[in-house]
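> With the hints as your guide, set chain R onto chain A.
As given, the protein sequences belong to chains A and R, one line each in that order. Using this note's numbering, the letters of the first sequence correspond one by one to residues 1 to 230. Using this note's numbering, the letters of the second sequence correspond one by one to residues 1 to 244.
Honestly, the hints are just simulated from the structure, not real lab data. Remember, predicted model here, so these are calculated numbers, not experimental data. Ideal placement from N, C-alpha and C gives every residue a C-beta, glycine not left out. Check each hint, because a few of them may be wrong.
[As the list claims (entries may be wrong)] Short derived list, chain A residues pointing at chain R, Cβ under 8 Å:
no.	residue
1	L32
2	E56
3	L57
4	A141
5	L143
6	I148
7	R178
8	V195
[Claimed, not checked] Simulated restraints, written as ranges between beta carbons of each label pair:
no.	chain 1	residue 1	chain 2	residue 2	range
9	R	R155	A	W230	50 to 56 Å
10	A	G43	R	A126	16 to 22 Å
11	A	P3	R	G168	27 to 33 Å
12	A	V218	R	G168	27 to 33 Å
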Amino acid sequence: MNPGTFAVAVGVGAVAGLDCVSVPQAMIGRPLVAGFLGGAVAGGPLAGLAAGAVLELFAFETLPVGASRYPDWGPAAAGAGALAAQRGGTWDPAWMVGIMVVALLAAWLGGLSMILVRRLNAAQLRRRGPALEGGDARALAALQAGGIVRDLVRAAVLTAFTLAVGERVARHVALGWRAPRAVADVAVLGTALGVALWSAWRLFGQGRPRRWFAAGAVAGVALVAGLLAW
Amino acid sequence: MPGFRAVLARLFTIQAAFTYERMLGIGFAFASEPALRGLGRRDGGSPAFRAALARQARFFNAHPYLASLAVGASARAEVDGVAPERIERLRSALIGPLGSLGDRLIWAGWLPACAAIALLLVACAAGGWAVVVFLVLYNLMHVGLRVWGLKVGWRAGVGVAGALASPGLQRALEVVAPLAAVAVGAALPSVLGWYPFGHHWEVFAAAAAALLFAQGVRLLQGRATGIVVAAFTLAVVVAVGMAW
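Only chain A is shown next, with the shape it has when bound in the complex (with noise of 0.2 Å):
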C-alpha cells in the first residue's frame, strides 16, 4: 500500500474509531460503514463492503452498551476494507482469512485501549477536580478535548496495526496457502455466521421474538434459493 492511501486509510480508521464512544455515536465505525470507506480510499469499495460485512456479523455478538468492554470495529474494519481492495478486484480467499485474523485481533485489542484511554481521562478529571467542583467552564471544555484527542490518537494507531500488520499477513498466507480456496471460504463465513447465529439466538430466541426469527429465516433461506438459482 503506498503511503498516500496509508495515511488516508489510517484518518478514516481514525475518525471510524472516534465514532464508536466519542463523537457522534453515528455508527459510522459499524464494519459495513468503516469497510467500506476503507475499500473506497484504497480503490475498491466493494471489497472494502464485503470485509465490512463479514465483519459486521462478527460485530453482531457484542452491543455497546455504557461501560462494558466491547471491541472497536471501527479502526479494524477501516484497515481489513483497505486491504481486501489491495487484491484489485480479485476474491482471494487466503488474503481474506489473513486479513480477517488480525482485523479481529485488532477489534479485540480496541476495546482494551477504550480502557487505556478512559483511564487516562479519568488521571485528567483528577487533576482538574478543584476546578471541575468550582464549576469552571473552561475545564469543562478541556476535559472534552483532552478525551477526543486521546480516543483519536488511540483509533489511529489502531488502524495503522491493522493496516501494517494485516497487509504482512494477508501476503504471507496467500504465498503459502496450499489447502482449496474452499477452506479458507467456509472458515471465514463459517465462523463470522457462527457467531451471529448464536448472538441472534440470545437476543431473540425466546418469548414472541423467536418466532418473528424463524419467519424471517424462512425468507432469508428462500432469497438465498433465489439468488443461488439465479
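Leaving out everything else, chain R in the frame of chain A:
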C-alpha cells in the same frame, strides 16, 4: 430552550470524556452549559451558574441518545431554581429507566434491525447503497431521539418521568423488537447467497460450519467471547491451510 442548537450539538460529544468514576457526567455538564448561561456566565460565572455546572458534572450514566432527556430536564430545573437536592434526585432517578429504555430500543432493537437491513441489501447487490440506507435509517432514529429528548426534557423539567410513558415511545418499543427479529432472521441466511463462493456446495458447507461454530461458542459461553474463539479458529485454519 436557550441555546438549543448549542446544547444539541454538544450532546453528540456526551461520551467524549467518559470515565468509570463519573461515566457521562462531564459530557452532561458540557452539553448543559449553554442552557445554564441565563444564570450568569460573565467573569467566570455567577455562583449560581458555577454551582449548577458543578452539580451537572457529577456521576451520570444512561443511554447516550436518551441522555438528552435528562440534560433538558435538569437544565430546566436549574434555571427554574429547583432545590439542588431535588435536582440530584431527578438525575439519579433517570439513570436506570433511560439506560434500560435505550438498551432495548436502540442497542437490542434499532441497531441490529438497521444492520440486518443493510446486510440484506448487500445480498441483493445494492453495493454502496446498503451503507447509505443504513446510515440514513439508523440516524433518523438516533438524531430524532436526541432532539425529541431535549425538547421534552426541557418542557417537562422535574416532571419528565411522565415522558417515558409516552404512547409513541411505548409503541416504538413494541414494534422495534419484532422488526429486528425478522430482519436479522432474514439477513443471516441471505449472506450465504451473497458470499462469493467458488462452488454451490460450499454454501451448505458454510451453513453447517456456522451451526457447529455457534454451538461451540454457546458451550464456551462465559469463558471466551465469540470473536476470540473465531480469531483462534481462523489462526488454526491458516496454519492448516499453509501446512496442507
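> Looking back at the numbered hints, which does the structure fail to meet, lowest number first?
Number 11 - this is the single hint that the structure violates.
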